[in-house]
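Student: Listed below are the residues making up each chain.
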Amino acid sequence: MSSGDLQNLYQELILDHSRTPHGFGLRDEIAAQSHQVNPTCGDEVTLQVHRAADGTVEAIAWEGHGCAISQASASLLAELAEGLTVPELEVRIDAFREAMRSRGKIEPDEELLGDAAALGGVSRYVARVKCAMLAWVAAEDALRKSA
Amino acid sequence: MSVSPAVDVLSPLSEDEVRRLRADFPILQTEVNGHPLVYLDSGATSQRPFAVLDAEREFASTMNSAVHRGAHTLAAEATELFEDARATVARFVGADDDEIVWTSNATEAINLVAYSLSNASTGRGGAAAERLRLREGDEIVTTEMEHHANLIPWQELAARTGATLRVIPLDDRGALRLDEAAQPITQRTKLVAVTHVSNVLGVINPVEQIIALARAAGALVLLDACQSAPHLPLDVRSLDVDFAVLSGHKMLGPTGIGALYGRRELLEAMPPFLTGGSMITTVTTTQAEYLPPPQRFEAGTQRVSQAIALAAAIDYLTAVGMPRIAAHEAAFGQRLVDGLDAIAGVHVLGAGIDLPRVGLASFDIEGIHSHDVGQFLDDRGIAVRVGHHCAQPLHRRLGITSSTRASTYLYTTEAEVDAVIDGVAAAIDFFGVRA
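First to last, the protein sequences are chains A and B.
The numbering of the first sequence is our numbering, which starts it at 1 and goes up by one.
The numbering of the second sequence is our numbering, which starts it at 1 and goes up by one.
No wet-lab data here; the hints were simulated from the structure.
Keep in mind that this is a model prediction, so the values were computed, not measured.
Each residue gets a CB set at the ideal place from its N, CA and C atoms; glycine is no exception.
Relax, there's no trap hidden among the hints.
Partial selection, computed: residues in chain A whose CB lies under 8 Å from chain B:
(1) Ser-3
(2) Asp-5
(3) Leu-6
(4) Leu-15
(5) Thr-40
(6) Gly-66
(7) Ala-68
(8) Arg-128
(9) Cys-131
Required output: the full structure, derived from the provided sequences and hints.
Tutor: Rendered as structure tokens:
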């Protein structure tokens, strides 16, 4: 049997997102793009931020490979970002990072982060924080490049 | 420590013997996540017995002082112990005392050779170093299965000297391709750098064959013994290698200490890598004369307590007996491979290779990333390695980016080997496999 900690880390929501990820598949049209690698495990993600005419985030598209945490995190980010303005997305990336780096002290704000708050359990596993952050760092980098 | 006397020197360790050995390792009595620690990451770093911990503490408590300088009693005692430790390493690998150079780790030992050849290639070392010079047209040969530590220093050396780096490729199973059509050792080859035991596959490479090819080509041979010295009897003379490197913390010793074996006449011809104090005879403001090896390669304050503790580790291994440790490892290596490969969806890397192995197996599970496997096993107190194990080219050749690795040592029990096999089966149930 696995412990409650493990069940909390790998909630069904997270496993579902890792199995059937949201936003998976890069698009041909030009968009701000970033490629990020986690050198400790070789996991990587390539992520595009597609913007609508009014500047809001129309969609995040991504491809990559990695653990369930990193795949679910990219999927949850893609789901969260749709329709946000760039400043709104930046606020959420900062909030997510703060929770991830808190070593379990800060519960992610569910109102702000939606289902991505389910990744809160990751923050108690220091070795896994980079897995959860990979796509979010890519999104931040893509936004910076397009600024 | 107590090992039964009068047992066959080639028989594996009995369960009773392993149980008694385990009592010497305090960390093996601890719990992780509410479970007794099942430590299956000795391929990354091994655990230390009291004898090693005590040796370091004893030195620091009773004779800590600088070696090879100072006229006081403590300095003399420390120097003697430091040099005795060197002799212990030399005996362990079948070398003479002055053929062992202390380094921080095996990575530094390989870089020492690479940078010394690099320095020779710029003309340092004079006529004596002529045969060590690399230039355009010369070739360095390594393999596709190396740890990055036995690859990148040669990439850099090739880039600095104009030499070309060639690689012995792997076949689809992951074995070295030594057939004439594939292997690149020729008269142009100046150095062949190869690992004795793969840190990912656990197989013991047919290095005798590679060494014979290198000898026929007049090339030097460097053997990465990081994964063999802890687990097998090793004799650099009978293997006929020019250099061998090993890492203290993989063989019950502390971190921060490694060793380079170098054939005497080569070390004598080699210009230094790191320079500074303790490696010179006469110094003026414009130039310096260097000590003979091994001191020529030991600039600056040495890792005295670590060297002494490594010698204690080697004494411990020798008392158990390297042939018996090898037999123990071979049995567990096979048990790991057979047990893991029998699970549907699990592929043991190199499982099809028909070579003897140490107690180490890496595996890939369809649809489950190694990080998740490692996290699941950790929840049960089982410590394994996940990722690319510093061997990206090998993983790429096998069509994967990472794997999970379980590695045993003399203190590993059969129950622990079975625990990781059971744990992997349970991980597949937990995560479910992606359609």
